[in-house]
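J.: If you want the building blocks of each chain, they are given just below.
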Amino acid sequence: MEYNWNWGIFLESSPDGTGSYLYTLFLGARWTLAASLTAWTAALLMGIIVGTITTFPRRLWSALGNAYIEFFRNIPLLVQMFLWFFVVPEILPESIGAWMKRMPNSSFWTAVIALSFFTSTRVAVQFRAGILSQARGQMMAAQALGMNLTQTYGHVLLPMAFRIVLPPLTSEFMNTLKNSSVAMTVGLMELTAQTRAMQEFSFQVFEAFTVSTLIYLIINLLIVLGMRQIERGLAVPGFSIERDPEARMREGG
Amino acid sequence: MKIRHFACVLGISLGFCAAAQAQQGTLDRIRAGGGITLGHRDASIPLSYLDDRQKPIGYAMDLCLKIVDAVKEELKMPDLRVNYQPITPATRIPLLANGTIDLECGSTTNTADRQKQITFTITHFVTANRFVSKKAGGLKTFDDLKGKTIVSTSGTTNVKQANELNTARKLGINILNAKDHAEAFLMVDTGRAVAFVMDDILLAGFVANHADPRLFTISSEALSVEPYGIMLRKGDPAFKKVVDEAMTKLFKSGGLTAIYEKWFMKPIPPRGIVMNIPMSDAMKRVMDNPTDSPDPGVYK
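Keeping their order, the protein sequence lines are chains A and B. The first sequence begins at 3 in the working numbering and counts up one residue at a time. The second sequence begins at 1236 in the working numbering and counts up one residue at a time.
Excised from the complex, chain B in its bound form (with noise of 0.2 Å):
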């Protein structure tokens, strides 16, 4: 198909596109290549961030590296070496794609349209869409926000259902798109919108690293259920049974409270913050019955 080549000849120009290249289980080239790499965000409080010393840390780290230690097993090879490779969300997509990572360790909700692209383990958090606002507003709902000027991060599921709320609800609120969420708590923060529409896990994280926390309330309201997934290449069936099996055992075991714990109710690194957030009724179903469904049915 014509079109198909021009996208491979630009694709060559850019730097990715080997369609001629043999389709090898990620197993197989963890074992050839000697190492595993994992994919973290630099922000993603507290879910995959980089502590004082640039060092990539948080909750998905922690369940990637139980999942490499069961790759570990699983290929017998107890040195193997674990890779880090800073991504962010435009360029999750693309590494994936050609191999630089083979896990994704961050805060990426997992979605039907999505998955056409790439797969997901199982869910390993269970976030709904809130927004955060001067607590001096009084604003708790939806409605609140009725002919205000609202802010979001464009790309993000959460604007999408911030959209169709405004459509259905007929709210007459004015959208704004930021480039990403640091912008939109600022915009917050510095009154060009009310309200900040976002997974309440980062809302809570950007309250907590505020100057002052005091200042700032998170909606009772909330839009939706999001499951966070790590995600892995599609098509690679035997690295995916090793991953989910790997997370099943730790959701079984228990071993996941502890993890939960350790980054959600406890102070975490580098500032010593405690995010105080338990484990929702939602996520606790997750952990009784591990799935890795993006339907958000599922969750409720």
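Chain A with its partners taken away, still in its complex shape (with noise of 0.2 Å):
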């Protein structure tokens, strides 16, 4: 192959003005993480919230839940993201859809709606399978006590579903990172945009990505490592999901 490599490119300054190319990849990351961990946030939130309305059990409730989740899980990403951007403004009223339009940052706020929904169905159904999971006893144990909804979900399945899916929740927020790279279509500058024009630029491509998937990769794994954190502080004594198979075959579990 024939090829050019010139890692000196990332001290170079980049032709848009603002520094580096290696500055406008870091400016990229930090919408890429204020994006993500806005997102995500807001996708905790509401999944946990919709995640546990399914498992009521009221008819009504249950496929409310399972109405937005299938509504929002179905549709990609990428046409949330177009939907959000340029069909809804158009669909409200013109007042609202022109203020809408003009505020600033639109696109963060955009991806970081369109994120959030998106994200939220995944943690709604990992939740609700972490609230199933729990044996039926517990329920039951909580109402025996006298509990009423509100507390067997809050003293009891709540807090035990929560560290149940605390490993797939790390998971999904490595997805939510990486899926913050579809915000490039509505405009916003995040790293993968900002990889892009670099290599539009430079036409140093191979330097450009490599640097990137860097950045991507030490961020994910800064994720990882702040979750196993969470999940050891959280870990109730005498439970927990990474037992090894022959204690849970001793109790019986």
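Keep in mind that a hint or two might mislead.
Here are a few chain A residues that sit away from chain B, every Cβ distance over 12 Å (derived from the structure) [said to hold, decoys possible]: (1) Q82; (2) L159; (3) S173; (4) V238.
Residues from chain B that face chain A, not an exhaustive set, calculated with beta carbons under 8 Å [stated by the list, open to error]: (5) E1309; (6) P1324; (7) N1333; (8) R1349; (9) Q1352; (10) K1383; (11) T1391; (12) A1413; (13) K1469; (14) G1470.
I should point out that these hints are in silico values taken from the structure, not numbers from a laboratory. What you are looking at is a predicted structure, and each value in this text was computed from that prediction instead of being measured. All C-beta atoms in this analysis are idealised placements derived from N, C-alpha and C, irrespective of residue type, glycine included.
Can you join these two chains into the complex? Each is in its own frame, and there are hints to help.
T.: So, in structure tokens, the structure goes:
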């Protein structure tokens, strides 16, 4: 392959006048972090609420929760971004649509909204699984103690569900970070967008993508380490999903 | 070097890295493989795009086919096979570097920075950086955009110049970055941005293809000139010589004028629209004195 490697390119100044190429990637990484952390926080809250609702022993509630999940889960993220950015402002009353279009950082907020809804459905499904995976006796025991539905969920089911789903939530958190690259399509200059811009300006394709790959990798490794710490900190003595199968056998679980 | 080694490992995992591979000239490779591969775009109207039967056509494609004729003659291979490979701005460099394509026939601006990686043959089109806006807005010059929101395509020389101008003239313009040209144009169409800064030839293509072309107008003021060139691999003087000579011959013989008329002055497939863009003075000068220079000053 006839390719002219030039790793010094990162210290050269980028033609858009903001600084070196490395700095533009840093600015991109900052938008990536801002968008994915905001979206993740919102998705976690919405996902927990929706996931809990779908397990309620009331038909209407679980139907509503499932409708929400199926709606936002079955439309590709790329299409959702596009809908929020180009279609929603057109179908709203004109004054609200115009306000949305002129809002500062509208790309960022569009990306956060789309990413939150999309991710919340995945969190919701996992959270539901976390609640339903607990033995039915848990709920019965709680109700036998005289707890009402709110207390049953608040004191018994949710705290355990949260611990059970922590490992898959870690993956979901990392997916959110990676999915934030789709925000490029609505004009957010996040890491992938800046990488592509660098590639277009300098034509040093492989250098640009190597470094952005490393940045994604490092951020995701930090997420994994951070989430492990949380898992350890929250572990309930005598209850761990990481326990060995033999112990599980002995306990008859 | 350690870091180079790492890059190579990463490269192999992505399917491209043959550092040890002997540097072979394009002509030798074409002779050995019996085919030449042209990289084409899918929507750079009218330079390089797909018609209604998904066949790559356009002004740059016609020029590339003339180059292919010269290669056939040079290698004395009249039955040389021509392959087509669709490319995007993101894939054009890797595919050219790893030998998938031999010529990139599209709308790539020749710049000095880009020449560090690849090389260009004679400039085949000279465009200028302008903006398109809704006629109703009455915007003609860049000063008219003061304090407004505009859009350009990320990674282009156009967005770079818009940024520079914004700083130099203290216009306070809010510049959005769109992923591709079509989306940037859509932002103007839906009112997210008042103007789209881009090469005028591409803007003309979008306007001509819109349901109601009369809604739009292209600015009178231009920011710069952008010479388009056909890309080829760097460090292959034998191939570049054949390509340059083919282009020069075409320019000098007047053959270019006919090809130019065909794509810019007459109805073009698939919908029979007419671009109606007479050859610019800059392009006429290139025709008289063919050049592969990336310096915008040469074209003024």
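J.: If a hint holds in the structure, say so; if it does not, say that too.
T.: Tested hints:
Non-interface call for Q82/A relative to chain B: holds, since the shortest CB-CB distance, roughly 15 Å, exceeds 12 Å. For L159/A, the non-interface assignment is confirmed: its Cβ lies about 43 Å from the closest Cβ of chain B, beyond the 12 Å cut-off. Against chain B, the non-interface label of S173/A holds: every CB pair exceeds 12 Å, the least being about 22 Å. At the 12 Å boundary, the C-beta of V238/A stays outside the reach of chain B, the nearest C-beta of that chain being 41 Å off.
Given hint, E1309/B at the interface with chain A, is violated; its Cβ is 20 Å from that chain's nearest Cβ, farther than 8 Å. The beta carbon of P1324/B comes within 6 Å of a beta carbon in chain A, closer than 8 Å, and the hint placing it at the interface holds. Residue-level restraint check for N1333/B holds (minimum Cβ-Cβ distance to chain A is 5 Å; threshold 8 Å). Interface hint at R1349/B: satisfied, since its Cβ lies 5 Å from the closest Cβ of chain A, which is below the 8 Å cut-off.
Checking Q1352/B against chain A: minimum C-beta separation of about 4 Å stays under 8 Å; hint holds. The criterion of a C-beta within 8 Å of any C-beta in chain A is not met by K1383/B, whose closest approach is roughly 10 Å, and the hint is violated. A hinted interface residue such as T1391/B counts as satisfied when its beta carbon comes closer than 8 Å to some beta carbon of chain A; here the least separation is about 7 Å, so the hint holds. Annotation: interface hint on A1413/B holds; nearest CB of chain A at approximately 5 Å, less than 8 Å.
Taking 8 Å as the C-beta contact cut-off toward chain A, the hint placing K1469/B at the interface holds, the least distance being around 7 Å. At about 6 Å, the closest approach between the beta carbon of G1470/B and any beta carbon in chain A falls short of 8 Å, and the interface hint on this residue holds.
The structure fails to meet hints 5 and 10 from the earlier list, while all remaining hints are met.
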